[in-house]
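Listed below are the residues making up each chain.
2 protein chains.
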Amino acid sequence: MFVQNKKIQDILNYYREISYLQKINSVLDYDLNVSMPPKGSESRASHAAYIEELIVNKWKNPKFKEMIEDVQTLELNEFEKAIVRNIERQGKMYWRVPEQIIINLKKETSIAFVKWSEAKSKSDFSIFSDSLERIINLLIEIADHIGYKANRYDALLDQYEPDLNFEMFNNIAQKLRTFLSDFVSEIVNSKNYSDVNSGFDTEVYYDFQDQKRLSEFVAYKLGYDFESGRLDVSAHPFTSNLHRTDVRITTRYDLRDFRESLTSTIHEVGHALYEQGINPEFDDTPLEGGVSLGIHESQSRFYENQIGRSKFFIKYIRYLLNLLFNNVRNQSDEQLYRFFNQVRPSFIRTEADEVTYNLHIILRFEIEELLINKKIKVKDLPEIWNDKMHGLLGIRPKNDREGVLQDVHWSYGYIGYFPTYSLGNLYSAQIANKMKKELDIEYLISRGEFIEILNWLRKNIHIHGSLYYPNELIDRVTGEDLNPDYFIKYIQEKYSDIYQI
Amino acid sequence: MFVQNKKIQDILNYYREISYLQKINSVLDYDLNVSMPPKGSESRASHAAYIEELIVNKWKNPKFKEMIEDVQTLELNEFEKAIVRNIERQGKMYWRVPEQIIINLKKETSIAFVKWSEAKSKSDFSIFSDSLERIINLLIEIADHIGYKANRYDALLDQYEPDLNFEMFNNIAQKLRTFLSDFVSEIVNSKNYSDVNSGFDTEVYYDFQDQKRLSEFVAYKLGYDFESGRLDVSAHPFTSNLHRTDVRITTRYDLRDFRESLTSTIHEVGHALYEQGINPEFDDTPLEGGVSLGIHESQSRFYENQIGRSKFFIKYIRYLLNLLFNNVRNQSDEQLYRFFNQVRPSFIRTEADEVTYNLHIILRFEIEELLINKKIKVKDLPEIWNDKMHGLLGIRPKNDREGVLQDVHWSYGYIGYFPTYSLGNLYSAQIANKMKKELDIEYLISRGEFIEILNWLRKNIHIHGSLYYPNELIDRVTGEDLNPDYFIKYIQEKYSDIYQI
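The listed protein sequences derive, respectively, from chains A and B.
Mapping to the numbering used here: the first sequence position 106 is 117, numbers consecutive.
Mapping to the numbering used here: the second sequence position 251 is 262, numbers consecutive.
This is chain A alone, in the form it adopts within the complex (with noise of 0.2 Å):
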């Protein structure tokens, strides 16, 4: 057993109910997305809200606070340290702030959503200005309860990935957006543009249940373990952690376009391959789970993108692509290679390629910093977004709707989130690049062979769980800091030979 301390075994055993909870939570929530029937959102919420209440109960009982500070002073091991490490960073939100504006926050976050909602359908940003405006207030509130030291906005990055603060993300996002905003440019006006960005026919009929086979057999093809969980349907693809042995995902399937339910499902499984490959003594305990957003988001990015979007990979599943679909047998390698490429400035976040998206999180990243130290007012939102937008990508939003509300993440207080969407990017480039010198994963790809590159994941990042901060296990798995070189290099090579730049 890793823990051998006797006082942290008892805050184990006493964890063990909270990480018993939060799954509880992760099934009703699951089922909410895929199962449930529309009646029964009322008394979900109730139940949800239950569960949240004696997780809270459990966090703020004041022996486990003192069970923490009982153990400071201890020589502990690498597992222990963790073991007090993570719970104290998740204990910050209960222990410092106060609970009415817990309370507040959630109360603020359920009116908002559905304002939200209402204005983006309307696509009428001043319907939703002054929700967003009293969670702002809210999240000052509680991170000047959590403290920081450079930057306020530190404490509510923090939340999401241990160590981040502004001053660090924004090094790398200056630097990306000097390299991305020259370098779409350029794109944009390269004569192959036109050419590569054209793709098929659009008139055709993907079938359903093709589609979902396809999926069903490269996720297997990737390593994702089917006894383990499961492959649904939801608007919006995700992954969800029942435990390490119940990972489900879902995707969707877009009848015009094949390549919609074949790269969320890619992605999907590269969140769950993590979560089924942690170490099994972890279970239960503070260390089980992805360690941050911004290394499971580097999991879910290389799958999708440096297996997914690669020559190599192409250059496989379309054997499989010709076996279902008509249209795709006249298209050679490097036409079907494009298609799966193609780079266009776009106003929505989640249709963005692997180009410009970098490009979104930062115009996110700028304004949430603004508004967290008050430097700009809520209601001057939706100009100050098409400004920026403008800025980054040469586009101007028409409306509010593919403007400042096409994201849901602010109606749920989410602040400090959008950063790890880029880390991920940056990481699984990072990641990538070190792969490669001790296997030759173009070959491995290509022939369909995906065991080695898992096990090299398994070895190098997923068996840790939470054990290393992302710093810490980036440095383990590179031998360097986080650099985001490698992914604007791993950009530049792979579309300058798309695009003929």
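Simulated from the structure, these hints should not be mistaken for lab results.
Intra- or inter-copy, both count: the list cannot distinguish identical chains.
Simulated crosslink set (DMTMM-like; lysine to aspartate or glutamate; CA at most 25 Å straight-line):
| id | residue 1 | residue 2 |
| --- | --- | --- |
| 1 | Lys50 | Asp236 |
| 2 | Lys50 | Asp294 |
| 3 | Lys50 | Asp243 |
| 4 | Lys50 | Glu238 |
| 5 | Lys69 | Asp295 |
Starting from the structure of chain A, add chain B where the hints point.
Below, chain B without anything else, positioned relative to chain A:
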């Protein structure tokens, strides 16, 4: 609001959390049966056990018992009285039985289920025998702690059907036994026997999707609210009450026999309509949910048999069957009606027809009473079972699998449960008899008009939830106590006609 008393309101506030936890466990259980991947079972068991533990703690909290004791002498209205009564009845198990016995029973039943599965698959009762003996001994202890007036078995019967006792059911059983044993002989010896029981071509394949759409349509027609529920597939059909607003049903499909999915769906719809129709004011209180297993089964049996297997329903449904299944089109209404009502002495309860079904229950009832009063030994059960089966149905099982090992119930420690299945049949005939005096249900059914029938059940039964105990409810609905003559008359008239006796 139906509750005026402040102290009862406090009780309801306390009880609400118990209700939430029960519903949360229902979600876990539904998911386990419908969605869970195989490797998830171990963690799911921990999560369900944890919720169970929270429920037990809620019940055993001395504060709760004090609250109940505190209202004993107050003047309460009808609703308030029923609330206290229901809590006291549910509370017996928690308040009177020492915790260690409950824990031992839980341990024993989880082992027993595995032993039973193995024993059944090997058709060898001796594998299960010791486990069952320990369960019986624990249940004897439990019954003695709960207390009873005349017969130890009463304490167990009451757990499933409030106020049911051995004497009451024994009188019914003896009356049924006499009639049914003779009547089955008459049927088997009737000159129509082989003709009625021949059925049609069994080499036909009934498309899964066609059967599924038929089940959906019929459920909808009968009044099932798909906005508050859904229809899934499971090995054993069941109804899952996740809340009044989320009552899900399952069915199973036999590609060789379209009757299986159709009658299973109708049966579960009967259960679900009951839950969907309960007074919303009772939500999350001890008045929510159907009052007993027997009344619940009366609703499922009413729909399955009184409606679904009636001549009038066949007249209606054949138009739908004609649309889907070629080989139905050549059959007369009469032939189709007989096909749904074949009587045949057989070994397996769950496959039994309306006539022989109650004999299977009487067999179990008699054995359970003997076991719980230590009049027979567990190890002798296979012989006792086979002898009794021969006495009741004139056939003798060739092995334990089709004899004493066929049902899972005893491995769960469910002793006293089986009689409620018979009660459902009896209640349903008595209710149908009453309904016919007020509604022309034969005409309505034959035209596929089910709403008036549902409204009648809603008004007379469903709406009341757990307000009235079964005895009182059946008296209010039909003007008399439970009377098996209605069932006997129904069976006699229906099957004398079919078998031309």
